[in-house]
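Chemist: Construct the entire structure; sequences and hints are all you get.
Protein sequence lines correspond, in order, to chains A and B. The number in the numbering used here is simply the position in the first sequence, starting from 1, with 1178 added. The number in the numbering used here is simply the position in the second sequence, starting from 1, with 869 added.
What the hints contain is simulated information worked out from the structure, not anything from laboratory work. As the structure is a computational prediction, the values presented were derived from the model and not from experiment. Heads up, a few of these hints could be off.
With a straight-line cut-off of 27 Å between C-alpha atoms, the simulated BS3-like cross-links for lysine-lysine are [to be verified]: (1) B:LYS945 / A:LYS1289; (2) B:LYS898 / A:LYS1289; (3) B:LYS945 / B:LYS877.
Here are a few chain B residues that sit away from chain A, every Cβ distance over 12 Å (derived from the structure) [claimed, not checked]: (4) GLN907; (5) ARG948; (6) GLY1045; (7) HIS1087.
The beta-carbon is built from N, C-alpha and C at its ideal position, and this holds for glycine as well.
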Amino acid sequence: MNSAYILSLLQGLWATVVLSVLTFLFGGLIGFMVGLARISPSWVISRGAATYIQVLQGLPLLVLMGLCFYGPSILGYNSLSPLVAATFALTLYSSAYLGEIWRGCIQAVAKPQWEAAECLGLSRWQRMRTVILPQALRIAVPPTVGFMVQIVKNTSIASLVVGYAELSYNAKIINNATFEPFLYFGIAALMYFAVCYPLSVQSRALERKLNVANR
Amino acid sequence: MSPIVELKDVHKSFGSLEVLKGVTFEVNKGEVAAIIGQSGSGKSTALRCMDRLETIQGGSMLICGHQLHDTDVDLKALRRDVGIVFQSYNLFPHLTVAQNIMLAPRMVKGMKQRDAREIADTVIAKVGLREKMDCYPEQLSGGQQQRVAIARSLAMEPKLMLFDEVTSALDPQLTGEVLRVMEQLAADGMTMILVTHEMAFARKVADRVIYMRDGKVHEMGSSDILRTPATPELAAFVSESAEH
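Modeler: Spelled out as structure tokens, the structure:
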């Protein structure tokens, strides 16, 4: 085992974390808007959001990465850097899934809660913000964290298409030089686990905390 | 005295099922009206229409000066004037009792925290739960939750209170504590319309009893009609209810 290789894996791990965080930030932001649009009383908006979700859920992430990386240059624009292209593709991908997950969570809050808030005179947005979203949040924690873990692992697809040097990419490069796949892919696997496991643990703690009003 | 609630030939269907088939009645300011009748007679639907949780398809409905069949009815103004309490309480589980009560005064009336708290203190005292202000709904009994729901509505200082079978989910002991709160409200002069199965309560508190049957008002009058019904249907309904 070579310390330079380990350092390279750690650099890959950092790149994985950066891409994951960016994805979750932008994907979450857009996903939240997609989720709200999905339940909009306006037919055009809800239909538009549903189409967005259907199209993006119907595309393999690998293809989406390719489109984002090669697409701009084919259309005559400057090509995107690997990190930007990967973030863009993962954002599109995760926003479609998170939008649908969160729509479900919002709609899972009992309808009488909407009615009670409506009868008190709260506007639609006030109802959403003070009554529905806080309750939806509690329901949303487990599936959201589950999907975050998926994102962390799916960042590895970036290495295949756009050549972004994240953890799996570096592990592959090292294996090409050392022919010790078990060792270096094994270390990479442990590193993925080290990122994903605390997420799940945190999720359980957060769930307990949010459950305080509903034991 | 001019009526605060005026229903004229109100029609309402859910798909092909006609639930209200021409309902007409009035309730004056300060009156307590009890709507009684079998399940499926349309009484809860009529009540929900009064707060425009359902829209009516025919006839007219005037509630606290708001014409509900107008498409541009000011819902915010309507809901400022009308409070409603549901069978299933519908308190917000993630908020404390105090927060439940203060939410609407703060959000809808734009009150300051301190003023809203003052109102909350007043209404919670009315329902006798001052010591529960910082509890969450799930820490309260059903009867206590329902009393908080009443207080939450009162905090908006409504001109009319609607009660939709508010004691149907409660044990007999807990029913009593909720009914006592409602009786006190009636004594304070609140205009109230209640859909109820509590015949004894209707007899004692209601100024006006409305017996609905098959989507229409079948018989209406003072609470005396419960003692001496004019129609055989109401007579049968009263004696059936007495058996329970």
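Chemist: Each hint: holds or not?
Modeler: Now for the hints, and whether the structure bears them out:
| no. | hint | result |
| --- | --- | --- |
| 1 | B:LYS945 / A:LYS1289 | holds (19 Å) |
| 2 | B:LYS898 / A:LYS1289 | violated (31 Å) |
| 3 | B:LYS945 / B:LYS877 | holds (23 Å) |
| 4 | GLN907 | holds (23 Å) |
| 5 | ARG948 | violated (4 Å) |
| 6 | GLY1045 | holds (24 Å) |
| 7 | HIS1087 | holds (28 Å) |
In summary, the numbered hints that this structure violates are 2 and 5.
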